[in-house]
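Novice: One-letter residues, chain by chain:
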Amino acid sequence: MLDLTPKTIYERTALRINPCKTCQPVGALYAALGVHRCMPHSHGSQGCASYHRTFLSRHFKEPAIASTSSFTEGASVFGGGSNVKTAVKNVFDIYDPDIIAIHTTCLSETIGDDVNSYISDMDIPDGKLVVQASTPSYVGSHINGFFNMMCGFINYLTEKTGSPNGKTAVFPGFINPGDMRELKRLLSLMETPFTMFPDTSAVMDAPMTGKYEMYPAGGTTLAEIKALGDCSHIVALGRITSVEPAELMKKKFKVPYTLLPLPIGVAATDSFITTLSKLSMRDVPAEIEEQRGQLIDILLDSHPYTHEKTAAIYGDPDTVLGLAEFCLEMGMIPKYMITGTPKEEFTKQAQALFAKYGVEGCTAKANADLFELHQWIKNEPVDVLIGTSYGKAIAKAEDIPLVRAGFPILDRYVHSYLPLVGYVGAMRLAELITNALMDRQDRDCADEDLETVM
Amino acid sequence: MNERARMLDQYASRVYKNRKDHVLQLEDTPGVPEITANTRTVPGIITNRGCCYAGCKGVVVGPLKDCCVITHGPIGCGFYSWGTRRNKAAASEGGQNYIPYCFSTDMQESDIVFGGEKKLKAAIKEAVDIFHPKYIMICSTCPVGLIGDDVHAVARQAEEEYGITCVGFSCEGYKGVSQSAGHHIANNGLMKHIIGTGDKRPAGKYSLNILGEYNIGGDGWEEERILKRIGYDIISVFTGDGSVEAIQNAHTADLNLVMCHRSINYVAEMMKSKYGTDWLKVNFIGVGATIKSLRDIAKYFGDPDLMARTEEVIADELAAIGEDVEYYKNRLKGKRAGIFSGGSRSHHFQALLKDLGVETIIAGYEFAHRDDYEGRDVIPQIKEDADSKNIENLTIDADPELYKTRYSDEVMHALREQLPVDSYPGMIPDMKSGHIVVDDYNHVETEMLLKLYKPDIFFSGIKDKYIIQKSGVPSRQIHSYDYAGPYAGFKGAVNFARDITMSITVNAWGLIVPPWKSEPMLEGALTGGGE
Chain Y
1 MLDLTPKTIY
11 ERTALRINPC
21 KTCQPVGALY
31 AALGVHRCMP
41 HSHGSQGCAS
51 YHRTFLSRHF
61 KEPAIASTSS
71 FTEGASVFGG
81 GSNVKTAVKN
91 VFDIYDPDII
101 AIHTTCLSET
111 IGDDVNSYIS
121 DMDIPDGKLV
131 VQASTPSYVG
141 SHINGFFNMM
151 CGFINYLTEK
161 TGSPNGKTAV
171 FPGFINPGDM
181 RELKRLLSLM
191 ETPFTMFPDT
201 SAVMDAPMTG
211 KYEMYPAGGT
221 TLAEIKALGD
231 CSHIVALGRI
241 TSVEPAELMK
251 KKFKVPYTLL
261 PLPIGVAATD
271 SFITTLSKLS
281 MRDVPAEIEE
291 QRGQLIDILL
301 DSHPYTHEKT
311 AAIYGDPDTV
321 LGLAEFCLEM
331 GMIPKYMITG
341 TPKEEFTKQA
351 QALFAKYGVE
361 GCTAKANADL
371 FELHQWIKNE
381 PVDVLIGTSY
391 GKAIAKAEDI
401 PLVRAGFPIL
411 DRYVHSYLPL
421 VGYVGAMRLA
431 ELITNALMDR
441 QDRDCADEDL
451 ETVM
Chain R
455 MNERARMLDQ
465 YASRVYKNRK
475 DHVLQLEDTP
485 GVPEITANTR
495 TVPGIITNRG
505 CCYAGCKGVV
515 VGPLKDCCVI
525 THGPIGCGFY
535 SWGTRRNKAA
545 ASEGGQNYIP
555 YCFSTDMQES
565 DIVFGGEKKL
575 KAAIKEAVDI
585 FHPKYIMICS
595 TCPVGLIGDD
605 VHAVARQAEE
615 EYGITCVGFS
625 CEGYKGVSQS
635 AGHHIANNGL
645 MKHIIGTGDK
655 RPAGKYSLNI
665 LGEYNIGGDG
675 WEEERILKRI
685 GYDIISVFTG
695 DGSVEAIQNA
705 HTADLNLVMC
715 HRSINYVAEM
725 MKSKYGTDWL
735 KVNFIGVGAT
745 IKSLRDIAKY
755 FGDPDLMART
765 EEVIADELAA
775 IGEDVEYYKN
785 RLKGKRAGIF
795 SGGSRSHHFQ
805 ALLKDLGVET
815 IIAGYEFAHR
825 DDYEGRDVIP
835 QIKEDADSKN
845 IENLTIDADP
855 ELYKTRYSDE
865 VMHALREQLP
875 VDSYPGMIPD
885 MKSGHIVVDD
895 YNHVETEMLL
905 KLYKPDIFFS
915 GIKDKYIIQK
925 SGVPSRQIHS
935 YDYAGPYAGF
945 KGAVNFARDI
955 TMSITVNAWG
965 LIVPPWKSEP
975 MLEGALTGGG
985 E
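Here the protein sequences line up with chains Y and R, keeping their order. Residue numbering for the first sequence follows the numbering used here, beginning at 1 and increasing consecutively. Residue numbering for the second sequence follows the numbering used here, beginning at 455 and increasing consecutively.
Worth flagging that the hints you see were computed from the coordinates, not collected in a lab. Heads up, some of the hints might be wrong.
Distance condition first, Cα-Cα at most 30 Å in a straight line; then the derived DSS-like pairs of lysine-lysine [what the hints assert, rightly or not]:
no., chain 1, residue 1, chain 2, residue 2
1, Y, LYS85, R, LYS575
2, R, LYS471, Y, LYS378
3, R, LYS471, Y, LYS89
4, R, LYS659, R, LYS575
5, Y, LYS61, R, LYS542
6, R, LYS746, R, LYS579
7, Y, LYS211, R, LYS908
Chain Y extracted, bound-state conformation (with noise of 0.2 Å):
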């Protein structure tokens, strides 16, 4: 397996081998999937929209549907005007849904189509909307995607009428419909009115009933995204995925937000239901109290067997950040942290967290890739690698047990409808953590060293 990955380091500065991100338009995708009765439509080639549905689907085993302006070559030379105001009239005619989505691709961007001026052409039906973001591939990552949709849906449909509607609006961040609920979950423990914007649980984890439905039950509702703008607070959750809407949610609508990472571990949970108790003006409940005391008991009870073991753990930004502290409140040490998304902030906040642990040794880099990793790894071997499924290929030629975690999972199930996040999230990952190492220990035992009780 990758047997022609070589142990001697190279500087490379124009290819990548085996990336560690993908481009914006499907983060674009999913965020507006997140939205209630939206078509996501993707302008360019029809290439583009079927590997993006294409992903959503092997990730979460779902339907994700996209429309696409199908540009040929005369659309690339002429401009995609045409194309995509006969699409929305396709759309909109055959389909129904109330909002479409537009997202831009590398091909529709280079050409330098003005997706904004099509869009006040078109002939759009009554109480329908059409919204866009521009999300040129070759830009960041398809975190930048993620929130350059919000952004659009953010520019197009939010309002401030005045009238506060004492509802906390919730940035959720590039996180699983299993992640949402249990944040859903954890709001409701803690009384807060709110909106989460994008929310694609019951969209992209709808139940099986026998019958295909376009349009789930899920979704945040255009009214919702429409009265963002009279939310007293915004949590936006994920320091790189949620800054821009929640600047922009500032800078516009001078709703003021409280950034804080993505809630994977104790700390960044503690933080989230600190903020909302503040917030809330409540008392954390019990039930809350009960499973962070349980989640704790469970650290304490399994510490010999994570203590000291280190990781590599590779993904999105926001991602990687939360599953590597959580490892250090483990006990554990996230040795090579990665991610493919171009943002420094990532290494600063990573740097950050060596830090507060005061571990040494630790390397994190964006704008990395998975070939530069198993390099490092060849030099340096590490006891658990953390991240996505391309990182099985490593897993195997060095030996390495792999736990899944991030975007995208194509090849495990169930994964998309348990969280990760909040303690309830944290346990989980305790238990597939601990498990992948203590399994590793009954494999690699002598036969008289094998322990039934561990």
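We have chain Y; now place chain R onto it with these hints.
Specialist: Frame of chain Y, contents of chain R only:
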């Protein structure tokens, strides 16, 4: 109103006008009806088609295991075509296997503004320094064509500088109307730069290339196993588990076998013109189809020993699977299927389904041309439109040294009476009256087909798999085989039968409706009121 009319009835006039000729309901009339195919997709209709890059890199060039395939463009295209098509490949002895790797120039905004050639050159240098590959392929994505990067010039320069083979493909996503354009571009590249550059001679008496076999789930390996048992020498497979090293010698084979007609017929035709190599349309999907294909190949060579050996192998392989096939046939008999795939699979799998007693009542392709539906005889009638004119059509002359024909015109004429040499009758002649054929089918038509026909199983891709399944119909991915297989040959038929029986009969189908929705929940008699 028949099913076709009901399907089309939902469209407003402008969409109706476009779609009506893509949808056929077969009737008991002589001749093969005409279908519209390989034309632009209706914008916004939620098509299942992909793009030119997907056809070139994803299908034809990507599976070549011994070359470093660099996607020149922003990161997405390279990322999505990384390890996703199940072209199984194992390094040949001492050879390199790049299949688990993804290489991209990951173009950034400045490369789009100032041009990406410099970055591509640097990327090639880095690939050469790190991996020392013998072969590098460059696949272009949308912005590359728009900004005018000359990948061919960069490739030529790399060949000179590093003494390697380097081929550029201008397969930008917007070219053509679907993946199909990319297949053609890839075929042209292989023909111009790879095929015929080797000089290894065949070791066996009868040698073959298998074209259009992508080794999904190991299909190609199963085909090779059977063909080698009979005694054939397999020169190369295009391109599943394929290698540039082997394909260089493709011109030395006695006969080309064509599996996927759509993706590779160009190479078959060009090799016919240049080297005189005949091609035979085969199908190794299905027991009956495999037997027919094996007999056809032996008949082509006309050697009695070969024919006898073919019968021996067939008898032996059949004996090994007979009981299993009977078992599954009993469980599947009378079921009805729908099947949509990219190229030839919707035709190939009908043969296997038929072996199992399953009738395919709905079929269609994502990116086929009229000849895949109606047969190659219609090719002269197909009018070129602007989108296909943009795809280079190579003019291939006979190679002055290597061109040779195996048979005289008279012998060939007689052979053609019995064998599909250099021809393909298409899918429609194998379907029956009432059956429906849809070209470039889309989401809303899928929903209608499920409602109107209620098939017992529907074969399609991942984008509609969960839509179909949520509608209550078992769905299996026919592009990726749902990560199972192989489905080719004799053993593959049993694998397929087992897998589809499993999907139709899984107990969870019976659990969808909760008991409280189907059983009376109130028990006991009404009380109160009357004494």
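Novice: Now, for every hint given, state plainly whether the structure supports it.
Specialist: Here is what the structure says about each hint:
no.	hint	in the structure
1	Y/LYS85 / R/LYS575	violated, 39 Å
2	R/LYS471 / Y/LYS378	violated, 60 Å
3	R/LYS471 / Y/LYS89	holds, 15 Å
4	R/LYS659 / R/LYS575	violated, 44 Å
5	Y/LYS61 / R/LYS542	holds, 23 Å
6	R/LYS746 / R/LYS579	violated, 49 Å
7	Y/LYS211 / R/LYS908	holds, 13 Å
When held up to the earlier numbered hints, the structure conflicts with 1, 2, 4 and 6 and fits the remainder.
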